[in-house]
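Enquirer: With the hints in hand, could you dock these two chains into one complex?
Just so you know, the sequences run in chain order A and B. The numbering used here applies: residue 1 is where the first sequence begins, and numbers increase by one. The numbering used here applies: residue 1001 is where the second sequence begins, and numbers increase by one.
Hints were generated in silico from the structure; no laboratory data involved. Given the structure is predicted, the values throughout are model-derived calculations rather than measurements. Keep in mind that the hints are not guaranteed to be accurate.
Said to hold, decoys possible - Pair ranges (Cβ atoms, derived):
hint: 1; chain 1: B; residue 1: Lys1057; chain 2: A; residue 2: Lys68; range: 28 to 34 Å
hint: 2; chain 1: B; residue 1: Ala1002; chain 2: A; residue 2: Pro40; range: 19 to 25 Å
hint: 3; chain 1: A; residue 1: Glu15; chain 2: B; residue 2: Asn1077; range: 42 to 48 Å
hint: 4; chain 1: B; residue 1: Glu1052; chain 2: A; residue 2: Ala17; range: 46 to 52 Å
hint: 5; chain 1: A; residue 1: Pro115; chain 2: B; residue 2: Lys1057; range: 41 to 47 Å
Said to hold, decoys possible - A few chain B positions that, by computed beta-carbon distances, are all more than 10 Å from chain A:
hint: 6; residue: Pro1008
hint: 7; residue: Leu1011
hint: 8; residue: Ile1012
hint: 9; residue: Gly1016
hint: 10; residue: Gln1018
hint: 11; residue: Leu1021
hint: 12; residue: Ser1022
hint: 13; residue: Ile1026
hint: 14; residue: Arg1055
hint: 15; residue: Ser1070
Backbone N, C-alpha and C define an ideal beta-carbon position, used for all residues, glycine too.
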Amino acid sequence: AQSVTQLGSHVSVSEGALVLLRCNYSSSVPPYLFWYVQYPNQGLQLLLKYTTGATLVKGINGFEAEFKKSETSFHLTKPSAHMSDAAEYFCAVSDRGGSNYKLTFGKGTLLTVNP
Amino acid sequence: KAGVTQTPRYLIKTRGQQVTLSCSPISGHRSVSWYQQTPGQGLQFLFEYFSETQRNKGNFPGRFSGRQFSNSRSEMNVSTLELGDSALYLCASSSTGDYGYTFGSGTRLTVV
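This is chain B alone, in the form it adopts within the complex (with noise of 0.2 Å):
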């Protein structure tokens, strides 16, 4: 069974970019949630999706959105990219979103 597939594993953009970050969860998985990971926060929660709907938001500005589609598959989208976007930003699958998740390895974004 295939994990949580995250492309690409590495980015660099710089200053004033935009980014987009895929994901594709497990087959049957319907919950689909992205974290950012950093040395300094830690990791915190960006959103959630199911079935195409965002059910939760974390506390980031709006220049950080999401969407999931028909298929489940997700992306995630900075817009604006700053120094501090730099992290490791990783997604991850669950079958309902709450007993539990499967996370992919993670997209590394650095910003320049």
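The shape of chain A in the complex, shown without the other chains (with noise of 0.2 Å):
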């Protein structure tokens, strides 16, 4: 069965800094993998996404992931923090080949930026 582990539920930044949020899964074939982030009383936006090809994936907002299959990982970095960044963030992965249909989360990142 297929796992994802963010390291840290609180990471705290200062607006300007450096955002690294941690994302290990455990599967037996690389998943295809997933960011996203939900503001206070909203649904999940999809920040980037790797499926194939490229393994460092742009997003919006300055976002970007690399996909490292030897650490089976898929980390979120962004080089400057914002206010507006503040916000939950959320790994996933699916089956590649789309054969079980779903989305598995992780327990969350909540990111705080500090003025």
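Expert: Below is the structure:
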């Protein structure tokens, strides 16, 4: 069975600092990988995804993530945090080939950005 | 292009009642999934439908059910509500069901 581990339930950074949110997965074969963001009282918004091809994936709002098969990781980064980045971030995986048609989510990381 | 629309946004129900939540997917999307989000359990998969067929179901009791109509709109029903069913219920749609989903804003269900 697939699982996702997000290290750090709460990450706090200063405005302008590097954002690094960690995600590791467990899967028998490399899955499809996703990062979603959730603002208060909202649904989930897709930031970026990795399905195939280049392992460094660029997403919206200046975020990017790198798929590292050897480390089973898909960490999310942003060079310079903005106040508007404060939200909860979820890493998710789904089966490659889409055989189970579901996302398995990590527990989420709450990002706080300090002025 | 309209996004995923969930109605209602908020619901308050009493224990023992039943509730029906509605989801309209993005036009052209035939896969619709439902997720339950709670502070304790996080985001958990309920079920997925494609062209009116349930293709996968999560680990929830039979009180949770769903269906999809020919226009891809979906409903989920929870019968005999329990306090623990209080959660944000999220609907998501996808064209095929494997390359990522677009989520709605959710329905916040409170059971009292």
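Enquirer: Against this structure, judge whether each hint is valid.
Expert: Each hint, compared with the structure:
| no. | hint | verdict |
| --- | --- | --- |
| 1 | Lys1057/B / Lys68/A: 28 to 34 Å | holds, 32 Å |
| 2 | Ala1002/B / Pro40/A: 19 to 25 Å | holds, 23 Å |
| 3 | Glu15/A / Asn1077/B: 42 to 48 Å | holds, 45 Å |
| 4 | Glu1052/B / Ala17/A: 46 to 52 Å | holds, 49 Å |
| 5 | Pro115/A / Lys1057/B: 41 to 47 Å | holds, 46 Å |
| 6 | Pro1008 | holds, 14 Å |
| 7 | Leu1011 | holds, 14 Å |
| 8 | Ile1012 | holds, 16 Å |
| 9 | Gly1016 | holds, 27 Å |
| 10 | Gln1018 | holds, 24 Å |
| 11 | Leu1021 | holds, 13 Å |
| 12 | Ser1022 | holds, 15 Å |
| 13 | Ile1026 | holds, 12 Å |
| 14 | Arg1055 | violated, 5 Å |
| 15 | Ser1070 | holds, 19 Å |
Comparing the model with each numbered hint stated earlier shows that hint 14 is the single one that does not hold.
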